[in-house]
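Mind docking chain B on chain A? Use the hints.
Each chain is listed here by its residues.
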Amino acid sequence: MLMFVANKIIFLIVLLGVCFSWVGCESQEKTSTGMDLGVINPQRDFTLHDQDGKIFHLKDHRGEVILLFFGYTSCPDVCPTTLSKLARVYSLLGMGTRQKLLTLFVTIDPQRDTPQKLKEYLQYFNINAVGLSGTKQEIDKVVDAYKAMYEKVDTNSSALGYMFDHTDYLYLIDKEGKTSYLFHPEDKAQDMAQIIKGL
Amino acid sequence: MKTKNLCCFIFIFFVSFLSYARADGLSKDIFISNAWVQAMPSSQKISAAYMVITNNSPKEAILVSASSDIAATAEIHQMSEMNGMMNMAMAANVHVPAQGKVTLQPGGFHIMLINLKKPLNKGDIIPITLHFQDGSNITVNADVRGQ
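As they're listed, the protein sequences go chains A and B. Residues in the first sequence are numbered from 13 upward in steps of one, following my numbering. Residues in the second sequence are numbered from 8 upward in steps of one, following my numbering.
For reference, chain B alone in the conformation it holds in the complex:
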């Protein structure tokens, strides 16, 4: 029983570690946590990535683009309610306030992964690189969640 609990703890620790990334370079005070991607049927060539971006620096950080080996294209999009409908539009950037955070979540900002190169199955870990306006990059390992 103790061995089982220990295995569970190690597994949770490992997954938490994988979905947590720290930046190098200018954005060393930016931390990404709870990064995940929506699992999709194999016939689907798109999905969305979500995460929390925390900025511990005294300056605003601006996310300007993203990329991933798993998709031909990654774009920043934002969902919002407009005229009673959910509207999705490309966003030029995401401003992360100084000493603050922004949550990319369903119904809000997210990173669209377009033309997926392989199916996304629950439990897969996929790398996503975030590009910031100051030229720094952060690569985060996001776990695939869903069915």
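Bound-form chain A, shown alone:
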């Protein structure tokens, strides 16, 4: 009888262990946006031009943690809010992690965002960031690779001219070039810093 109870308890412990490890695996796959990471970034590399006019290859930055964002400098709400939050994230990281964290701001508005404008804009937010641009085709290739989206919207009634609808995810790319997390605007700076520290 005693052996029977002991066996049952062992079975239950093993079962619970299997359940917890399965839940653990599931939670590793989930992101704050719920997007499946398996469909993102098959190549782990892209090529664009940086804010100094030099050719930028993502693969040249192995060993650095990357935050990738698609936006435009005339963006009045989402982009400055995101970059301001990133400034808080950087301030929460230790010097070592901060130096190895590079933010890439890929413009979806190459017509207005000159390299100089990108540089001035990003310097303002006081983070380790590089502005990237290219032809529309070059930018679209990267946008597609990351399953991001944008759409130019002509606003005849507004003094703004044209604007862009765009996705607002921040892609966290690990030191091997693999996209490991998607941050959403609702994510808190403290939580983001914790996740970045874990890479």
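It is possible that part of the hints are untrue.
[As the list claims (entries may be wrong)] Reference excerpt, derived from the structure (chain B facing chain A, CB under 10 Å, subset only):
#1 Met47
#2 Ser54
#3 Met93
#4 Asn122
#5 Asn148
#6 Val151
#7 Arg152
[Stated by the list, open to error] Sample of chain B residues lacking proximity to chain A, with all beta carbon distances greater than 12 Å (derived):
#8 Pro48
#9 Lys52
#10 Tyr57
#11 Thr61
#12 Asn63
#13 Ser64
#14 Glu67
#15 Met86
#16 His102
#17 Gly107
#18 Thr110
#19 Ile121
#20 Ile132
#21 Asp141
#22 Ser143
#23 Asp150
It should be emphasised that the hints constitute simulated quantities derived from the structure, not laboratory data. All C-beta atoms, glycine included, are put in the ideal place defined by N, C-alpha and C.
Just chain B now, kept in the frame of chain A:
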């Protein structure tokens, strides 16, 4: 130390007072609080203003437009998620329910300040006037926040 604390208190009180406005005229029961504007690099000619509009009257208040000496144009805009993207569009108005409030915040309603006449630096205080459908106006002093 006490003097330092007193100075801090006076400063916080002063800033709170500046960002809090009360209406005259028909909308005397409308209060604006926590008004702020996103600081932007000097090369940028646009920014957005946010605030909480509280309506203590028994009638709905309708914000129809805004203006500011700091910008050539001020427009009411609304961000919303559409087809997986953040969409921004001009809004004709903002309805503030009777005995209720509306928060203008990033990702939602905001006042777009377009063609800024001077750079917006953190700590600046800028006046913004809200125009309501009943003809009343409220001017609020918004503090510039950000980098």
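Status of each hint after checking the structure:
1. Met47: holds, 6 Å
2. Ser54: This hint holds: Ser54 of chain B lies near chain A, its Cβ roughly 7 Å from the closest one there, short of 10 Å.
3. Met93: holds, 5 Å
4. Asn122: Holds - the Cβ of Asn122 of chain B comes within 10 Å of chain A, reaching about 7 Å at its closest.
5. Asn148: violated, 21 Å
6. Val151: violated, 12 Å
7. Arg152: holds, 8 Å
8. Pro48: violated, 4 Å
9. Lys52: Per Cβ check, Lys52 of chain B is inside 12 Å of chain A; nearest 8 Å; violated.
10. Tyr57: violated, 9 Å
11. Thr61: holds, 22 Å
12. Asn63: Per Cβ check, Asn63 of chain B is outside 12 Å of chain A; nearest 28 Å; holds.
13. Ser64: holds, 29 Å
14. Glu67: Holds, since 25 Å exceeds 12 Å.
15. Met86: Incorrect as stated: the minimum Cβ-Cβ distance to chain A is 5 Å, not above 12 Å.
16. His102: holds, 20 Å
17. Gly107: holds, 24 Å
18. Thr110: holds, 14 Å
19. Ile121: Non-interface label on Ile121 of chain B violated, nearest chain A Cβ at 5 Å vs cutoff 12 Å.
20. Ile132: holds, 19 Å
21. Asp141: holds, 24 Å
22. Ser143: holds, 25 Å
23. Asp150: The assertion about Asp150 of chain B holds, with a minimum of 15 Å to chain A.
Hint compliance for this structure: hints 5, 6, 8, 9, 10, 15, 19 are not met, and every other hint is.
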